[in-house]
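J.: Chain by chain, the residues:
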Amino acid sequence: MADTELKIFDYDKAQIGEELGSYEYTLTQKMLDDFRTSVDDPEAPFPTLGVKHDATAFAMVYDDPIGTVNAGNEVEFFNPPVVGKKVHVTGRIADKYLRRDKPYIVIEATAVDEDGRLLEKLSTYQLKKPDELGKKWHPEQK
Amino acid sequence: MASRTKIEPDQKLPSVTKAITTDSILQFESCGILDRENIHNNPALAAKRLGTTYTLASGRMSITFAAEIMRKFFGPEVFNHTGTVNLKFLRPVKAGDTISVSGAVSGSEEIDGKTRVSVNLFCDNQDGNRTAVGIGTAVVE
Chain E
17 MADTELKIFD
27 YDKAQIGEEL
37 GSYEYTLTQK
47 MLDDFRTSVD
57 DPEAPFPTLG
67 VKHDATAFAM
77 VYDDPIGTVN
87 AGNEVEFFNP
97 PVVGKKVHVT
107 GRIADKYLRR
117 DKPYIVIEAT
127 AVDEDGRLLE
137 KLSTYQLKKP
147 DELGKKWHPE
157 QK
Chain B
571 MASRTKIEPD
581 QKLPSVTKAI
591 TTDSILQFES
601 CGILDRENIH
611 NNPALAAKRL
621 GTTYTLASGR
631 MSITFAAEIM
641 RKFFGPEVFN
651 HTGTVNLKFL
661 RPVKAGDTIS
671 VSGAVSGSEE
681 IDGKTRVSVN
691 LFCDNQDGNR
701 TAVGIGTAVV
711 E
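Protein sequences appear in the order of chains E and B. Quick note: the first sequence uses the numbering used here, first residue 17, plus one each step. Quick note: the second sequence uses the numbering used here, first residue 571, plus one each step.
Each hint should be verified, as a subset may be incorrect.
Stated by the list, open to error - Computed footprint of chain E on chain B, listed as stretches where at least three residues anywhere in the stretch have a Cβ under 8 Å from a Cβ of chain E:
id	region
1	627-641
2	650-663
Unchecked claim - With a straight-line cut-off of 16 Å between C-alpha atoms, the simulated EDC-like cross-links for lysine to aspartate or glutamate are:
id	chain 1	residue 1	chain 2	residue 2
3	E	Lys145	E	Asp79
4	E	Lys112	E	Glu124
5	B	Lys642	E	Asp56
6	B	Lys618	E	Glu124
7	E	Lys144	E	Asp79
8	B	Lys642	E	Glu59
9	B	Lys658	E	Glu59
10	B	Lys618	E	Asp147
It is worth saying that the hints were derived from the structure and are not from the lab. Note that this is a predicted model, so its numbers are computed, not measured. Every residue gets a Cβ at the ideal spot worked out from N, C-alpha and C, and that includes glycine.
Please take these sequences and the hints and turn them into a complete structure.
T.: Following this line, the structure appears as structure tokens:
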């Protein structure tokens, strides 16, 4: 998808249920090896976590100049992906809310392989005001 | 694999300890299919958006660590097909940190003749500060 097609993310205009990018890629042995090395787990079965399906779906639709901080993740595992198989991902905005006056969205992605096997569902709780966390972590700097 | 008969309330999961390095953070980021800069691989962007002097490890690295102790406890044939991990991130994780991931069985419920076991999950850094907390589940026969 070309970057020129990206929309600037506007929290107020984001809709619950809004579809994000859907895409397909082939899982390679290198992706699996790199993932396992990065997390120091030679048997880690879900390199899809490193692909960040939901954030990728978001980034295929939106340019977000403010940025985001990951406040939390929920993941459901169904079947490990297989090297050489295509992985098809669909994403959406699952929720949107204010907590303590801070804006959050929940993005969600579902991954299925080329044989129709459900692999993983991943959700991320994104704080769309990342400087707030910076203040919390480094109050002396603000 | 932890069979249904072996799982007890408060039973501890095997813990893991992970050294977080700049290389591991960058390698994790390189697994993506989009070549883009973010607060995990670009210090200037992290400084601009967060005010930090360092990049952050992706929260999904902690998810993976928690999934590892779940997989080791329940066995891959169970966890890789029925498992869940839900973490809330409390503090940043950065290069130089050492993250210890632990868990203990918190409860169980019967569903369709099987048992869903819940586990409390914790990630703590080398200073004893909690970086993430959450719950994992798996369904055992």
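J.: For Lys618(B) and Asp147(E), compute the direct alpha-carbon distance and say whether it is at most 16 Å.
T.: Holds: Lys618(B) and Asp147(E) sit about 8 Å apart, inside 16 Å.
J.: Need the status of pair Lys112(E), Glu124(E): alpha-carbon distance at most 16 Å?
T.: holds (12 Å)
J.: Would you check chain E against the region 627-641 of chain B, counting CB to CB pairs closer than 8 Å, and say if three or more residues qualify?
T.: holds (count 10)
J.: Lys642(B) and Glu59(E) were given as a pair; does the straight-line alpha-carbon distance stay at or below 16 Å?
T.: Roughly 10 Å between the alpha carbons, so the hint for Lys642(B) and Glu59(E) holds.
J.: Is the straight-line distance between the alpha-carbon of Lys658(B) and that of Glu59(E) 16 Å or less?
T.: Violated. Lys658(B) to Glu59(E) sits at ~24 Å, over the 16 Å cutoff.
J.: Does Glu124(E) sit within 16 Å of Lys618(B), going by the straight-line distance between their CA atoms?
T.: violated (26 Å)
J.: Does Lys642(B) pair with Asp56(E) here, judged by a C-alpha cut-off of 16 Å?
T.: holds (14 Å)
J.: Check, residue by residue, whether the region 650-663 of chain B contains three or more positions whose beta-carbon lies closer than 8 Å to a beta-carbon of chain E, and give the verdict.
T.: Holds, because 12 residues of the region 650-663 of chain B bring their Cβ atoms closer than 8 Å to Cβ atoms of chain E.
J.: Can you confirm whether the C-alpha distance between Lys144(E) and Asp79(E) stays at or below 16 Å?
T.: holds (13 Å)
J.: Lys145(E) and Asp79(E): Cα distance at most 16 Å?
T.: holds (15 Å)
Checked against the numbered hints given earlier, the structure breaks hints 6, 9 and satisfies all the rest.
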